[in-house]
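Start from the sequences and build out the full structure, keeping to the hints where you can.
Number of protein chains: 2
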Amino acid sequence: MNKIYTGVFPIAPTPFRDDGTIDGESQKRVLDCMIDQGVDGICILANYSEQFLLSDEERTELLDLCMDHVSSRVPIIATCSHFSTGIAAARAKEAAERGAAMIMMMPPYHGALLKAGPQGIMEHFTAVAEAVDVPIMVQDAPLSGVDLSIDLMVRMAMEISGVSYFKIETPQTADKLRALITAGGKAIAGPFDGEESITLMADLNAGATGTMPSALLPDRIKPVLAHHAAGDSTAAETQYTTILPLINFENRQCGLRACKAVMMEGGVITSEHVRHPLPPLPPETRAQLLELARPLDLVAMRWGR
Amino acid sequence: MNKIYTGVFPIAPTPFRDDGTIDGESQKRVLDCMIDQGVDGICILANYSEQFLLSDEERTELLDLCMDHVSSRVPIIATCSHFSTGIAAARAKEAAERGAAMIMMMPPYHGALLKAGPQGIMEHFTAVAEAVDVPIMVQDAPLSGVDLSIDLMVRMAMEISGVSYFKIETPQTADKLRALITAGGKAIAGPFDGEESITLMADLNAGATGTMPSALLPDRIKPVLAHHAAGDSTAAETQYTTILPLINFENRQCGLRACKAVMMEGGVITSEHVRHPLPPLPPETRAQLLELARPLDLVAMRWGR
Numbered sequence: 001m002n003k004i005y006t007g008v009f010p011i012a013p014t015p016f017r018d019d020g021t022i023d024g025e026s027q028k029r030v031l032d033c034m035i036d037q038g039v040d041g042i043c044i045l046a047n048y049s050e051q052f053l054l055s056d057e058e059r060t061e062l063l064d065l066c067m068d069h070v071s072s073r074v075p076i077i078a079t080c081s082h083f084s085t086g087i088a089a090a091r092a093k094e095a096a097e098r099g100a101a102m103i104m105m106m107p108p109y110h111g112a113l114l115k116a117g118p119q120g121i122m123e124h125f126t127a128v129a130e131a132v133d134v135p136i137m138v139q140d141a142p143l144s145g146v147d148l149s150i151d152l153m154v155r156m157a158m159e160i161s162g163v164s165y166f167k168i169e170t171p172q173t174a175d176k177l178r179a180l181i182t183a184g185g186k187a188i189a190g191p192f193d194g195e196e197s198i199t200l201m202a203d204l205n206a207g208a209t210g211t212m213p214s215a216l217l218p219d220r221i222k223p224v225l226a227h228h229a230a231g232d233s234t235a236a237e238t239q240y241t242t243i244l245p246l247i248n249f250e251n252r253q254c255g256l257r258a259c260k261a262v263m264m265e266g267g268v269i270t271s272e273h274v275r276h277p278l279p280p281l282p283p284e285t286r287a288q289l290l291e292l293a294r295p296l297d298l299v300a301m302r303w304g305r
Numbered sequence: 306m307n308k309i310y311t312g313v314f315p316i317a318p319t320p321f322r323d324d325g326t327i328d329g330e331s332q333k334r335v336l337d338c339m340i341d342q343g344v345d346g347i348c349i350l351a352n353y354s355e356q357f358l359l360s361d362e363e364r365t366e367l368l369d370l371c372m373d374h375v376s377s378r379v380p381i382i383a384t385c386s387h388f389s390t391g392i393a394a395a396r397a398k399e400a401a402e403r404g405a406a407m408i409m410m411m412p413p414y415h416g417a418l419l420k421a422g423p424q425g426i427m428e429h430f431t432a433v434a435e436a437v438d439v440p441i442m443v444q445d446a447p448l449s450g451v452d453l454s455i456d457l458m459v460r461m462a463m464e465i466s467g468v469s470y471f472k473i474e475t476p477q478t479a480d481k482l483r484a485l486i487t488a489g490g491k492a493i494a495g496p497f498d499g500e501e502s503i504t505l506m507a508d509l510n511a512g513a514t515g516t517m518p519s520a521l522l523p524d525r526i527k528p529v530l531a532h533h534a535a536g537d538s539t540a541a542e543t544q545y546t547t548i549l550p551l552i553n554f555e556n557r558q559c560g561l562r563a564c565k566a567v568m569m570e571g572g573v574i575t576s577e578h579v580r581h582p583l584p585p586l587p588p589e590t591r592a593q594l595l596e597l598a599r600p601l602d603l604v605a606m607r608w609g610r
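Protein sequence lines, in the order shown, are assigned to chains A and B.
Residue numbering for the first sequence follows our numbering, beginning at 1 and increasing consecutively.
Residue numbering for the second sequence follows our numbering, beginning at 306 and increasing consecutively.
Think of the hints as simulated: they come from the structure by calculation, not from any bench.
This list has only true hints and no planted wrong ones.
The calculated lysine to aspartate or glutamate pairs, modelled on DMTMM-like cross-linking and capped at a C-alpha distance of 20 Å, are:
| # | chain 1 | residue 1 | chain 2 | residue 2 |
| --- | --- | --- | --- | --- |
| 1 | A | Lys186 | A | Glu159 |
| 2 | B | Lys398 | A | Glu58 |
| 3 | B | Lys398 | A | Glu57 |
| 4 | A | Lys28 | A | Asp40 |
| 5 | B | Lys398 | B | Glu363 |
| 6 | A | Lys93 | B | Asp361 |
| 7 | A | Lys3 | A | Asp133 |
| 8 | B | Lys398 | B | Glu428 |
| 9 | A | Lys93 | A | Asp133 |
| 10 | A | Lys222 | A | Asp232 |
| 11 | B | Lys333 | B | Asp369 |
| 12 | B | Lys398 | A | Asp56 |
| 13 | A | Lys93 | B | Glu363 |
| 14 | A | Lys28 | A | Glu58 |
| 15 | A | Lys93 | B | Asp324 |
| 16 | A | Lys28 | A | Asp68 |
| 17 | B | Lys491 | B | Asp480 |
| 18 | B | Lys398 | B | Glu366 |
| 19 | B | Lys398 | A | Asp19 |
| 20 | B | Lys527 | B | Asp341 |
| 21 | B | Lys527 | B | Asp602 |
| 22 | A | Lys93 | B | Glu362 |
| 23 | B | Lys527 | B | Asp537 |
Partial list, derived from the structure: chain A residues whose beta carbon lies under 7 Å from chain B:
| # | residue |
| --- | --- |
| 24 | Leu53 |
| 25 | Ala112 |
| 26 | His276 |
Glycine included, C-beta positions come from ideal geometry on N, C-alpha and C.
Set out below in structure tokens:
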């Protein structure tokens, strides 16, 4: 529990074949390609892994495959979100037993309307924390439809042993991170951002110690954090400005399909299929994405060639 | 495919033990208690069955148990909603193969933000319809966060073979049902309402031919439809006025916990546990519910005594 995780923890996409079945061999190459870029860790079964399009059985299959293949080369963060507290705790336990270094989860929600109140959220995270002995990262994500206040997050960090990482993806991330760090102090072991690192510079300036982007360009995001940590914010800003057009296009135009398209070009995966009802990337959008990516000489775009 | 289903199709609650595990024996009694009330059919694995708090394995266990136990005594509607089109189709196929008379589903959604557009919804329902040869009921429910327009629902009914039942639960149900029936004509085999039958009188007057309440008081809802079908709208209105205070209290104060509390009182189930993060019914609310229910001499409140 005592190691503090910092740095770039990108999300591994889940590769499917053209028929929609899981492509295990491509999944292994995705993980190797990410590790070869010097990532500080990998997040699996996240929203950008299309977790909401997987059956329970497929979740377990992917957990086993990823844990076996990574085999402790880098720490793995596994998600366990489910509206049922009991099922979320069982998922967390399974992941921790398989060797996950951290559990990530959203507060409980279902659909547009069902969510727990502050007490229910506290109980939900407490039950999950009691099921594992690894740290837990709270995902403050708009997808859940749940507003997590600074007060509640600080209470979670102070009162629930294990809850110590926070990934903030709501509007005005930097302000929220700053307020969280100020109010939570040492209880906030890891203030992270996410959402493709689209808010990274502001968040680093606010005190973020880690970021969870997609697996599109971790090789190019890593130097931003390195320069910033070394106190050279000008170099960090310069590097970030170089990659921001691609990140912006990913974030606003492509979503999780961007990483798959680039990894397909790079021979990492054999199909960029996303599961219906997610639509495939339109050809024009895909072409513009690759045009923005090409000058950056991304590892993911040449790794398997 | 040719039988037209009409009448009262209540949702079977999923009984848990106090420890949160599924109580199969209580589930059987729930089904028997409902059948003894002369229901026209039963819906399983619905939102009021806490479907969003079940694992995939538990879904299958419940499907098997309910199909075996009901054993064709009444038609069963089984839900199959999942954001993944492939998983929804597989669930529908499994239910139809086990003997479900109808499949019910919401348009694809996940969380507060993810939903398909009209084309994606068409494709989603088409894929499910192609996987089964039983009719499909479209659930127009606020929980999904998806707006289903009259135009889209009529297109679904006209263009997708099997899509022929519509359960409307959005605001102003009666207007929407009337518009749907007018625009869809014969393609709308079953215009239903739901939501505890809280809008039943207006919906019957608009042309609804079926209702999907909870399993709290189907014995008292059935006469409303019978009187209305016989052309005696005064008797229907009188009967409905008698039960409306209880339905109103269920709908606005209790949700799915009302049926469980009454069935607990009636010895139908051995625990009224709902899965966390749903909170148990506060004692004051439970007492008021039973006070409203008692004078109605509900079957569910005495069946197992």
